[in-house]
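Participant: Here's the letter readout for the chains.
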Amino acid sequence: MISRKMLVGTIAAAVMTAGMASGAMAETTIGVVAKIGGIPWFNAMEAGIEQEGKARGVDAFMVGPTSADPALQVRAIEDLIARKVDVIGVVPNDAKVLEPVLQKARDAGIIVLTHESTASVNKNYDFELVSAKDLGEAHAKLLAKTTECKGGYAVYVGGLTVPAHNAWADAAVAWLDENCPDMKQVADRFGVAESVDDSRNTTLDLIRAHDDLTGILAFGSQGPVGAARAVEERGLIGKVAVVGLFSAGQGRKLVHSGAITGGYVWSPLEAGRVFVALGKMLAEGGTVSDGDELPLLGKIRLEGSNIFANMPLALSKDTVDGLAEMGL
Amino acid sequence: MRRMVGSVEGILFVILLALCVVLSLATDSFFSMQNFFDLLNNQSVNIIFAVGLVVVLIAGGIDISFSVAASVVQYVVVVMMIQIGGGNWLLGFVAAMVCGLALGLFNAFLIHKLRIVSIIASIGTYNLFFGLLMYLTRGRSIYAIPDWLDERVALLTVGADRAEATLYLPALVMLVVVSVAWFILARTGFGRLVYGFGSDPEAARRSGVRIAVMQGFAYGWLGLCAGIAGLMQAHMVREVVPNALYGRELDVLAAVVLGGAVLGGGRGTVLGAALGVLLLAVVQNGLNLLGVTPYAFKAIVGAIILIAVTFTNFDKVAPLIGLSNRKARTT
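Chains A and L, in that order, give the protein sequences.
For the first sequence, this note's numbering gives the first residue as 1, with consecutive numbering after it.
For the second sequence, this note's numbering gives the first residue as 1, with consecutive numbering after it.
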């Protein structure tokens, strides 16, 4: 009996020493809290986190709450604080709700990184793979290139009050006004782009109403698909460009047929990798300043504690199939 | 004909006609075969919904679950067809109708057997249907639908300015559904029973009308229409998105009430429901063609609904105005 107890004790001691040993090697640990686990977007982010963790010798993992509930994120972050990780990354569901727990993390000496949350306060840095301005301009440039700055275009957004979409649309329209003075917007923006039916019907109407229509700029998940269906139906592929962001799986056929010209998103896989690369750099005492070349992010712009990279991910004939495979 | 003139449908028809004349003069693109065909293609789904809903309203009930029921039917039918290796139009229609009918009868069961008030029952099934659909599908859309459903069935094609004008299958299906509903309601004794039941269920019950049959018919018919509309919507947009029809119920309800149905039952016609949908569609179409700013869309649509309802209520409003005038004179 005694021997068995001793054996258990020895094993326990051995495990503890091993644990301390790995701790002594000071492997950086990075925990990233997703908005919600199990959906394609965050599966891709998780793949990026693990991939980069392996590449850089970092213990990096993602925690995916079962629903998009800020309270679950708070609990996940508390767990990470208790585990004494070096870096906490989070893609907040609600920036305000997380402030107290992020403050607690920083008080515990943990580096806090956020993504898609420039409004968060208690963080070391937030990083955005592409700013609203750059994303809007990327679309505007693609539209200008396709239409050769000729004719009229219309703008769709998810809703007339959706902040992100309208910020992209503002940037795109401003760029076109400046660089393509011959192109004009045929009407104010339409809030139809969360519905295939509405964006399709609106496009059919606009094609009829404006003979000079050469492009649709659609922000909102269903806009490019609905607009492209209308363009395809009217046999105007190649004459009316459809530019915007859409889900690759939904739009791939239309991209290959040419009905959707293309668009830009940002890559959740890259975001996952950036969490690890940036987290490791900061944990090792690295600093960030405006205009720096950072690992993965390239040359960045620093505004307060928000890091803006310019790495939009093109949705094109070459990329949609790969992205669709990933379920994006 | 004289009945038509003073009726809700007559007034709606006149308003619609006037709107069309104005738009034809104000834009050079409204009065064209292409626009006309597009309106029919794009509104067929809503008209099929409306023709289903109007029967429930006539029978004195209400149902807001039909649009999500249509989403469920779309999803179930397309998954089923993919699993049996593709399927065809006949199987698709049968499956959609059976599925839709089943969901409609489930509502009827709750309302008739369990005595749940129709609005509550349908709020319940609305959440139940949509919730289960989202839970079981994880919100995943189906982009690769069977070929027969994906390839548009053209009924009629004529040349037009920019490309051609084509009328698609949903327009024909809509015409069939409208005709069947019109025939049952306006030309059969059974149809009269539905009106009678809607205006006074108790009187109908006492005179021997079988209430279970009435409820079953009304909700079953709406379910059937929802199934067909779901299939047609998937055919038009060529994909199945679980939340694509979510929220459509209020647009359809507004159109049907505009078309003369009342929430108390006993009133409403198939023609009125279809005209209600078309009127709202033409307004939206006109706003797009006129280049009115989308920021003003909702306000204008709201105003048109109020104006149209006031006109169709004119027989009730006129005496009131007359009455108040007389009062003013006597004092």
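Among the hints, erroneous ones may be present.
Said to hold, decoys possible - With a cut-off of at most 35 Å between alpha-carbon atoms, the simulated DSBU-like pairs for lysine-lysine come out as follows:
#, chain 1, residue 1, chain 2, residue 2
1, L, K316, A, K96
2, L, K298, A, K133
3, A, K184, A, K141
4, L, K316, A, K141
5, L, K298, A, K253
6, A, K184, L, K298
7, A, K96, A, K317
8, A, K299, A, K184
9, A, K239, L, K298
10, A, K150, L, K298
As the list claims (entries may be wrong) - Not the full set, but computed from the structure, chain A residues with beta-carbon under 10 Å of chain L:
#, residue
11, N122
12, A132
13, K133
14, D177
15, N179
16, P181
17, D182
18, V186
19, L206
20, T214
21, R234
22, G235
23, K253
24, H256
25, G258
Hint data in this document are derived by calculation from the structure and do not stem from the laboratory.
Positions of the beta carbon are idealized from the N, C-alpha and C atoms, including for glycine.
Participant: Against chain L, is G235(A) within 10 Å by beta-carbon distance?
Facilitator: Holds, because the Cβ-Cβ distance from G235(A) to chain L comes to roughly 4 Å (cut-off 10 Å).
Participant: Do the alpha carbons of K299(A) and K184(A) lie within 35 Å of each other, as the hint requires?
Facilitator: holds, 33 Å
Participant: Given the hint that K184(A) pairs with K141(A), does the C-alpha gap stay at or below 35 Å?
Facilitator: holds, 15 Å
Participant: With a cut-off of 10 Å on the beta carbons, see whether N122(A) makes it to chain L.
Facilitator: violated, 32 Å
Participant: If you draw a straight line from the CA of K316(L) to the CA of K96(A), is it 35 Å or shorter?
Facilitator: Violated, at about 54 Å.
Participant: Is the shortest C-beta separation between N179(A) and chain L less than 10 Å?
Facilitator: Violated: closest Cβ of chain L sits about 24 Å from N179(A), beyond 10 Å.
Participant: Within 35 Å, alpha carbon to alpha carbon, are K298(L) and K133(A)?
Facilitator: Holds: K298(L) and K133(A) sit about 29 Å apart, inside 35 Å.
Participant: With a cut-off of 10 Å on the beta carbons, see whether H256(A) makes it to chain L.
Facilitator: Violated: closest Cβ of chain L sits about 13 Å from H256(A), beyond 10 Å.
Participant: With a cut-off of 10 Å, does the beta carbon of D182(A) approach a beta carbon of chain L closely enough for the hint to hold?
Facilitator: violated, 19 Å
Participant: Let me know if the C-beta of D177(A) comes in closer than 10 Å to any C-beta of chain L, holds or violated.
Facilitator: Constraint on D177(A) not satisfied, violated at 18 Å.
Participant: Does K298(L) sit within 35 Å of K184(A), going by the straight-line distance between their CA atoms?
Facilitator: holds, 25 Å
Participant: Please check whether K133(A) passes as an interface residue: C-beta within 10 Å of a C-beta belonging to chain L.
Facilitator: This hint is violated: K133(A) lies away from chain L, its Cβ roughly 23 Å from the closest one there, beyond 10 Å.
Going down the numbered hints, you'll see the structure goes against 1, 4, 7, 11, 12, 13, 14, 15, 16, 17, 20, 24, 25, while the others check out.
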